Amino acid sequence: MNTLTATRPIITAKLAKAVEKRYKSGVLGLRAAPAWDGGTFQHDGTPVTVVPCPSTLAVWEALESRADDQWLVILTPVDDKDLGDGVLSHLIDGRLLSPDPWDALRSTFAATTIEPALYRVPNDRALALGLLAAVPTAAVTPAPGGVLTRTHVMSTLARGTLAITDDPATEIDTLAILEWSRRPDVTDNLARLRADGGPEVMNAVVEWLAERAGRLGKPVAALLKAQRIAELVPLGLIAGLFSDPTHLKLGVFLGRFGLDSLSADDLAAWYDDTSGLVVGSLVERERHAVLESAAAHVRELNIEHLAERSELLPQGLVARLDELAKAIENALPGDAARGPKHEGIDGVERAWERVLQHLSARTSTSCRAAEAAVRLLRWLVVDTPTDSGLDTLTRRYVDVDGWVDAALVTSHRGSDHRRLAEAITQVIALVTSHRRDHDRRFAAALADTPHPTGVLVEQLLPTVVLPLAKSTPTLLIVVDALSVAAATELAAAAAESGWMEAGVLGSSRRTGALAVLPTLTQRSRCSLLAGDLREGNDTAERTGFLKLLRDAKLEAAPGRIDPIFHKKALDTVPAGADLATDVANAIVDTTGRPLVATVLNFVDDTLHHTDPGGTDWGIDTITHLRPLLQAAQRAGRAVIITSDHGHIIERRTSAKRDRVTVYGQRAHGDLDRVDEGEIVVRGPRVLTDSRSVVLAVDDTIRYGPVNAGYHGGASPAEVVVPVLALHTGVRPDTLTALGPVEPPWWHSPVQVDAPRVRPAPAAKPAAPTLFDSEERFVADAGGDVAEQVLATTVFADQIRLAGRIVVRPDQIRALLAALLAAPARELTTAHAAALLGLAPIRVGGALLQIKRVLDVEGYEVLLLDSGVVGLDEAALREQFGIES
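Take 2 as the starting number for the sequence shown in our numbering and just add one per residue.
Hints listed in this document are in silico derivations from the structure and should not be mistaken for laboratory results. Don't take every hint at face value.
To be verified - Below, simulated PhoX-like cross-link-like pairs (lysine-lysine); rule was C-alpha separation at most 25 angstroms, straight line:
no. : residue 1 : residue 2
1   : K327      : K250
2   : K548      : K569
3   : K327      : K342
4   : K554      : K471
5   : K219      : K250
6   : K226      : K250
7   : K548      : K568
These numbers were taken from a predicted model, which means no experiment stands behind them.
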């Protein structure tokens with residue numbers, strides 16, 4: 002006797018058939034187990050009471066208690082003949098009805114028929130009952146065309162129970178299953194399906210999902226059966242390690258996870274699909290979790306030696322960092338006075354290239370430090386000391402040594418890879434020794450030049466800021482103690498927010514200005530804001546600044562608040578706002594206040610309270626900077642970011658020297674006590690009573706208690722201040738297009754074997770040059786080829802055919818010249834953006850336009866690929882008719 006348990010869908014299906022026979026109420030008898038915990042419900046508005054009746058007596062009791070105009074459903078295992086004609090006469094159709102789960106399933110989905118593929122399976126009745134129990138009512142949608150198909154039922158389970166997708170229109174395919182396997186509730190949902198639907202439903206779902214998974218069908222089926230589907234993606238990454246099917250560990254891997262039926266092709270497909278998901282779809286947090294899970298499996302299987310080849314697994318990155326550490330060790334000289342071995346640099350570059358091929362290279366803190374170390378080694382190869390005077394040494398610091406200091410900061414942050422950390426420590430020691438030599442040369446030139454002819458901090462407002470403000474509303478941001486090294490990060494962060502950097506004073510290079518001596522806030526910042534040499538506090542700064550505005554006829558319109566804001570005014574920010582009201586109003590008021598100045602003390606405060614070496618100097622780091630830049634952008638203002646002085650960082654290597662007359666931490670007035678690493682500076686720009694001061698040069702010297710950083714001394718990191726000119730839209734007339742600001746070794750390997758060529762200096766150079774090296778010579782040659790390209794009729798035709806484009810011929814020439822001079826004829830897109838004078842986020846469109854011009858008749862000349870711009874020089878020469 003069949004005593005299947007009747008579920009609500011089964012009962013509902015039988016009631017629906019009774020209604021079709023025009024019954025509005027009555028007694029429905031079902032041959033089923035006397036079990037029910039679903040309570041009462043309504044069917045088409047009529048109350049339904051379900052009563053389990055294990056005996057004939059129980060059936061009579063249920064009949065006697067029945068309410069009129071309602072449905073009574075009796076569930077009983079008692080046979081018809083035992084119930085008797087008296088009972089049967091009360092039942093619809095005069096008999097007990099046998100539950101039909103397939104009929105109930107059809108009714109549930111409002112179908113008229115069922116696809117045979119769904120029910121032609123062993124133990125089909127158990128499958129139907131399981132589906133009725135497992136399919137959530139809320140997920141049910143009518144069967145398309147009235148035909149209940151296998152795909153429709155399985156898709157309903159996939160959405161409603163397994164939560165693979167909540168959109169009926171989304172196809173359940175390989176990618177959907179890969180992403181679903183990573184859900185935190187995947188195991189619980191499968192367990193619920195197994196419990197509700199039973200083994201028949203589970204087997205049907207496994208078979209269907211394996212089909213939907215395409216070439217991943219075998220691993221999907223195996224892991225579902227083993228209840229380990231959550232490991233589908235991490236195990237797929239490991240599958241890629243077994244490119245050799247004869248590897249001894251392959252059997253261990255397959256056997257442990259029930260994957261014995263997988264072939265080499267199955268393993269390769271599994272790896273391809275999972276690696277594609279990890280690389281292309283997952284965010285960093287998700288990617289990290291998958292990779293760590295895979296790495297744990299690698300350790301369990303004892304196959305670390307295989308994982309070292311991986312470009313995805315953590316073990317692969319560790320192995321590459323091992324190689325890099327060894328290469329750095331081989332490149333380091335035995336004598337600290339010498340630079341790295343030229344023959345070893347190529348090995349470092351090859352090892353670094355392999356590191357960069359690993360997925361995690363760009364997010365690893367170890368790799369950030371490693372990249373800085375590689376850059377420092379490149380610099381050591383091309384470093385040539387010079388004693389060419391203060392102007393040239395200042396230019397050297399802005400163009401080169403400031404970037405060295407930025408790389409030193411990053412390398413000091415270190416690596417969690419022990420051998421690499423030791424190698425980086427050796428690089429730091431070597432570079433620090435060379436940098437101290439440069440610092441002493443700069444300080445000696447500073448002492449020998451009481452009347453500098455370069456850009457001075459007290460001249461910045463009269464020569465740069467005020468002329469700009471006369472033509473374009475301007476915001477001046479003085480970041481107290483911002484160094485040239487820190488400004489490299491700040492400028493890059495501003496570019497990511499849509500700002501374009503420009504040159505000042507007619508220069509195509511970033512400018513640095515000399516601070517007042519000693520490099521202390523009350524002297525140098527007051528001189529900056531007043532426009533002449535003076536010492537004073539915030540009040541003196543305000544007075545001097547407002548006088549400058551009056552003299553330049555840029556003063557605020559009557560009734561406006563003075564357009565200069567120090568810390569207290571900036572910090573008075575109303576709840577819910579990002580800027581103080583007076584500051585925000587002043588920036589918006591471009592007509593009444595063409596020049597607005599703000600003073601940010603964050604960096605200087607950091608030198609006293611936290612670690613400036615561990616700080617990323619982005620626009621979100623410095624308090625108030627992002628909202629100031631956003632407000633300026635909305636108002637259409639140009640922005641000048643500068644400082645009063647720079648800073649050096651305390652590395653716990655400094656020693657205090659006791660002096661009687663002390664100016665801050667790095668200057669004193671005891672002129673008869675000048676020791677090693679100190680220098681005496683005299684002249685009108687020394688704002689002491691005697692116009693003389695002793696300044697610390699070496700970063701190991703201080704005259705006060707230990708802080709996180711210092712300023713006041715004679716090192717270029719303290720004396721040279723950055724000048725960043727930023728704009729959006731059309732470049733203001735007083736600013737110039739900026740060339741590449743990074744030194745060549747920042748992004749690209751250096752040429753170590755080529756002989757150095759010194760071209761004859763120009764009769765009247767536009768700006769002091771640092772060195773005339775082979776790089777400049779090659780760049781000039783590249784410029785000649787670029788000029789030839791632009792002079793051809795082919796180029797003119799291509800410009801005409803390209804139609805309306807925004808890039809100018811001079812921009813195309815600059816990019817071509819740089820590419821022709823670059824190693825391997827490649828540049829990063831960041832470098833290209835600088836050459837074109839564009840923000841990095843806008844360079845993509847410009848490069849596509851240039852590509853349209855250079856790719857003659859579809860032959861690829863300009864190559865664009867994942868952050869790199871390349872040039873096929875042979876194709877360029879052939880297409881434009883340029884002889885080699």
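Against the structure, the hints come out as follows:
1. Straight-line distance between C-alpha atoms of K327 and K250 comes to about 29 angstroms, which puts the hinted pair past the 25 angstroms bound.
2. The hinted pair formed by K548 and K569 meets the criterion: a straight-line CA distance of about 22 angstroms does not exceed 25 angstroms.
3. With a C-alpha separation of about 14 angstroms, the suggested pair K327 and K342 falls inside the 25 angstroms cut-off, and the hint holds.
4. Among the hinted pairs, K554 with K471 is consistent with the structure: their alpha-carbon atoms are about 9 angstroms apart, no more than 25 angstroms.
5. About 20 angstroms separates the Cα atoms of K219 and K250, which keeps this hinted pair within 25 angstroms; it holds.
6. This hinted pair checks out: K226 and K250 have alpha carbons roughly 23 angstroms apart, not beyond 25 angstroms.
7. Only pairs whose Cα atoms come within 25 angstroms are accepted, and K548 paired with K568 is accepted, the gap being roughly 21 angstroms.
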